[in-house]
Amino acid sequence: MSSSSVTTGERAGEPDPSASADAAGGGRAAQRDSTETAAAIQTYGLTKRFPGGQVAVDRVDLVVPRGAIYGFLGPNGSGKTTTIRMLLGLVRPTSGRHEMLGTQMPRAAADVLPRVGALVEGPAFHPYLSGRDNLLRLDAGDRTVTGSTARARVDAALDQVGLTAAARKRYRKYSLGMRQRLGLAAALLRRRDLLVLDEPTNGLDPQGTREVRNLLREASAAGATVFVSSHLLSEIEQICTDVGVMSHGRLVFQGSLPELRAAAGVRVRVETSHPQAAAEVLTRLGTGTPELRPDGVVADLGLVPSDKVTAELVAYDVDVRQLVVERPDLEDLFVALTGEGFDVDE
2 MSSSSVTTGE
12 RAGEPDPSAS
22 ADAAGGGRAA
32 QRDSTETAAA
42 IQTYGLTKRF
52 PGGQVAVDRV
62 DLVVPRGAIY
72 GFLGPNGSGK
82 TTTIRMLLGL
92 VRPTSGRHEM
102 LGTQMPRAAA
112 DVLPRVGALV
122 EGPAFHPYLS
132 GRDNLLRLDA
142 GDRTVTGSTA
152 RARVDAALDQ
162 VGLTAAARKR
172 YRKYSLGMRQ
182 RLGLAAALLR
192 RRDLLVLDEP
202 TNGLDPQGTR
212 EVRNLLREAS
222 AAGATVFVSS
232 HLLSEIEQIC
242 TDVGVMSHGR
252 LVFQGSLPEL
262 RAAAGVRVRV
272 ETSHPQAAAE
282 VLTRLGTGTP
292 ELRPDGVVAD
302 LGLVPSDKVT
312 AELVAYDVDV
322 RQLVVERPDL
332 EDLFVALTGE
342 GFDVDE
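Residues in the sequence shown are numbered consecutively from 2, following my numbering.
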């Protein structure tokens, strides 16, 4: 099943490719002491090479801070979903290792995965069962919760995603949006320390998208870390604190949204009848190399305050018809980093 929390012990019985990297001292007690301050997700050279030589994920070093809402962006085939599947133990990495909630994976999957809610590559449930019965089956597989409170948990999750009225309807009669909501409900069956969501707003109408956005904010406010892949750049800008950008299997940027915008630089555009004189003023101020245009000049602003640019131009008797500070939007930055547009059907 590709949706819901990854069940306790999934893949846990398989050999751990990173077992040899275990520290000799400290043991489990020391590991527990460090988990509260460690990153929610951290990878070290995570790589996946498929038969035939295709490298889907190439030495990715993710660092997802605790409490962050981390947006994972990338065009079609960039390796986002493969990375997510490796994080959850659904695909074995060719090389590299990773930690979740401060604990080495997949060795500790039985302890860590019940604390993780996940929605990967769209939800899949038993078609002839109702939405409620599907969730009850999933909940029954979680050995860390009490069976006597299962119905209360299921009903609360259905209410969170707005599916209470359709709880008794068979899954095969659900629309795409309703199926996506049920997948989210599965990820929210119990309080999670980490949510890993692959395109959670896929198939939702604008109202549903707003509701999911609010759910993610509420989960974050309650202390969960949210790791979400999305092609909706406006959503990433509205809800995410941090972002990672994938291109051709590599992580080409990682940091906060302000850091992402700063990486592209802010430009200043001055409209004037004296472009050469304006360019000389900008050069003296220490901006990037000015680009002369028929109606003015453009330069990277760098660390120069825009009000200082205006004051200096006026001081040197350069007429200013208009001064515009141009901050690239997230889509412009994405294209600059990846060299391609946004194809989301990964």
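Derived from the structure by calculation, the hints contain no laboratory data.
As the structure is a computational prediction, the values presented were derived from the model and not from experiment.
Fair warning: there could be bad hints in the mix.
To be verified - Listed below are the simulated EDC-like cross-link pairs for lysine to aspartate or glutamate, each with C-alpha atoms no more than 20 Å apart in a straight line: (1) K309 <-> E327; (2) K309 <-> E292; (3) K174 <-> D194; (4) K170 <-> D160; (5) K174 <-> E219; (6) K174 <-> D160; (7) K309 <-> E281; (8) K309 <-> D320; (9) K309 <-> D330; (10) K309 <-> D333; (11) K170 <-> D134.
As the list claims (entries may be wrong) - DEER-style ranges, computed between Cβ atoms: (12) D112 <-> A222: 20 to 28 Å; (13) S149 <-> V336: 24 to 32 Å; (14) S257 <-> G53: 49 to 57 Å; (15) T95 <-> S176: 17 to 25 Å; (16) A312 <-> D206: 43 to 51 Å; (17) S257 <-> K174: 57 to 65 Å; (18) E292 <-> D62: 41 to 49 Å; (19) V56 <-> L304: 36 to 44 Å; (20) V336 <-> D112: 37 to 45 Å; (21) G289 <-> D160: 28 to 36 Å.
Don't be surprised by glycine CBs; every beta carbon is placed ideally from N, CA and C.
Verification of the hints:
For the given pair, K309 sits about 16 Å from E327 by alpha-carbon distance, which is consistent with the 20 Å threshold. This hinted pair checks out: K309 and E292 have alpha carbons roughly 19 Å apart, not beyond 20 Å. For the hint linking K174 to D194, the alpha-carbon distance of about 32 Å lies beyond 20 Å, and the restraint is violated. Taking the CA atoms of K170 and D160, the gap is about 15 Å. The hint holds against a cut of 20 Å.
Of the supplied pair hints, the one linking K174 and E219 is violated, its CA atoms being roughly 29 Å apart against a limit of 20 Å. At most 20 Å may separate the alpha-carbon atoms for a hinted pair to count; K174 and D160 meet this at roughly 19 Å. Taking the CA atoms of K309 and E281, the gap is near 14 Å; set against the 20 Å cutoff, the hint holds. At roughly 15 Å between alpha-carbon atoms, K309 and D320 fall within 20 Å of each other, so this suggested pair holds.
Under the criterion of a C-alpha separation no larger than 20 Å, the hint pairing K309 with D330 is inconsistent with the structure, at around 24 Å. A distance of roughly 27 Å separates the Cα atoms of K309 and D333; the hinted pair therefore is violated under the 20 Å criterion. Proximity of K170 to D134 is assessed by CA-CA distance (about 10 Å); at most 20 Å being required, the pair is judged to hold. Taking the beta carbon of each, D112 and A222 are about 25 Å apart, inside 20 to 28 Å as hinted.
For S149 and V336, the hinted distance range of 24 to 32 Å is not satisfied, since their beta carbons lie about 53 Å from each other. At about 37 Å, the CB distance of S257 to G53 disagrees with the hint of 49 to 57 Å. At about 38 Å, the beta-carbon gap between T95 and S176 misses the expected band of 17 to 25 Å. A hinted range of 43 to 51 Å holds for the C-beta pair A312 and D206, which are about 49 Å apart.
Restraint check, S257 to K174: a C-beta distance of roughly 43 Å breaks the suggested window 57 to 65 Å. At about 35 Å, the beta-carbon gap between E292 and D62 misses the expected band of 41 to 49 Å. Between V56 and L304 the beta carbons are some 38 Å apart, a value that agrees with the proposed interval 36 to 44 Å. The supplied range of 37 to 45 Å is met by V336 and D112, whose beta-carbon atoms lie about 41 Å from each other.
In this structure, G289 and D160 break the distance hint of 28 to 36 Å, their C-beta atoms being roughly 53 Å apart.
Violated hints for the displayed structure, listed by number in ascending order: 3, 5, 9, 10, 13, 14, 15, 17, 18, 21.
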